[in-house]
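*Asks:* Construct the complete structure from the given sequences, taking the supplied hints into account.
Those sequence lines, one after another, are chains A and B.
Its first residue numbered 449, the first sequence is counted upward by one per residue in the working numbering.
Its first residue numbered 6, the second sequence is counted upward by one per residue in the working numbering.
I should point out that these hints are in silico values taken from the structure, not numbers from a laboratory.
Mixed in with the good hints there might be a few duds.
[Claimed, not checked] Dumping the calculated EDC-like pairs for lysine to aspartate or glutamate here, alpha-carbon to alpha-carbon at most 20 Å:
#1 A:Lys570 - B:Asp157
#2 A:Lys527 - B:Glu77
#3 B:Lys39 - A:Asp571
#4 B:Lys39 - A:Glu530
#5 A:Lys524 - B:Asp72
#6 B:Lys74 - A:Asp546
All of these numbers come straight from a predicted model, not from anything done at the bench.
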Amino acid sequence: MKFIKKSTIPIILGSFLSFNCNAGFYGLTHHSRSNCAGFNESVTWWAFHSFLARVNSYHYPHGKSKPNDTANHVIKLSKTYEFRHAAYHVNEAYEDDDYSVVGEHYMYVNGKEQMAAITFAKDCSIYDGWWD
Amino acid sequence: MMDGGTNTMNKNINKALFLISISAYSISNADVDKNIMQDIRKQALIRNGFNANGSPKIVSSSEINVDEKIKEQWKKEKNEIDKKGYFSEKTYRSTELLLFKDNLSMNAIVKNKKNSSLKQNLNEIQLAYEAKPVSNVQSLAFAESGGYSEIDPNKKGYSGFVQFFEYGELGVCAYTEDNTKISLGAVKISEDRVTYDVNGKVTLINNKGQEGYGFVYDVEWFGEGFFKQLECASKSYSQEMSEKTIELAKMIDSQS
Chain A
449 MKFIKKSTIP
459 IILGSFLSFN
469 CNAGFYGLTH
479 HSRSNCAGFN
489 ESVTWWAFHS
499 FLARVNSYHY
509 PHGKSKPNDT
519 ANHVIKLSKT
529 YEFRHAAYHV
539 NEAYEDDDYS
549 VVGEHYMYVN
559 GKEQMAAITF
569 AKDCSIYDGW
579 WD
Chain B
6 MMDGGTNTMN
16 KNINKALFLI
26 SISAYSISNA
36 DVDKNIMQDI
46 RKQALIRNGF
56 NANGSPKIVS
66 SSEINVDEKI
76 KEQWKKEKNE
86 IDKKGYFSEK
96 TYRSTELLLF
106 KDNLSMNAIV
116 KNKKNSSLKQ
126 NLNEIQLAYE
136 AKPVSNVQSL
146 AFAESGGYSE
156 IDPNKKGYSG
166 FVQFFEYGEL
176 GVCAYTEDNT
186 KISLGAVKIS
196 EDRVTYDVNG
206 KVTLINNKGQ
216 EGYGFVYDVE
226 WFGEGFFKQL
236 ECASKSYSQE
246 MSEKTIELAK
256 MIDSQS
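*Replies:* As structure tokens, this is what we get:
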């Protein structure tokens, strides 16, 4: 049957990755993470399910990461149609840094404009199991 | 030139001031984070025209912030749903649900394995609220869904979950729930898509599929404090199955 043949690769890949992924695989999830191997970011994703969405990620340094009062900034994505929407800043913050990250997650599906979540993180403790 | 006594006193004062400033800074950091998050949410609600309390808002399509091309597509989908009960789409979701039990038997659920993405029981999912699974169905597996919340350090976790189950003729279904008091979500819905099929609540019927690819009976409903969705897959489409899906959504809604 057509639909079984077309689905074989994602199902096989999905079974392999399911050992290693916590979130965004069997359901739509939204996260922020900070001070995480260089990354401050906010992500909306659901593997193999493309949808129209966008994300804003606000980055607030505290303590030793705060050089001056103008250091707060935001990464804003445009609306795109894909399965992973990541507003990120590479090489910004590591384990010893002290950023807080707030994410705004928006979706546009089935006649709706939805602010799906506001997320917050001060570290990457839920990184374990993420698939990048 | 200061003598030793004055020097020691000054050192002690400086030490005290340093300790006070550190503790004050630590307290204010947590408050600042919470305040920042609440402020961002408040501004986002106002800026995007959502209801201040996050409850679903029915609007004309002109108030939805998407391109005209997307609005035209949504209109086309609605016309198809009105005419034949579903809109045409080669959806991967139907295959995913139809083959879910086969996938499950391969390896997806692993007991006591922290990083497994599917769990056998709802209490194995880290949720930021007390949730109840759908009952009177043959439950297959659970997964996280929604936003991950850390703002309450005593209750970190996800704002929702997905429950996969089997239910009679409808076969394999997925129920998704989101607690908007945790996710801090909000929604505007185009008025020409809205029905009130699920116990008088704001409802969207999003049935979709195509011959040879399978169909998904898709019902979403909304209220203060939650977004909910029920999807059931089938190889073919029938109006009777669409109505059965709505009846199941009503039953699930009544359980909460």
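*Asks:* Find the hints from earlier in the document that the structure breaks and name them by number, from lowest to highest.
*Replies:* 4, 6
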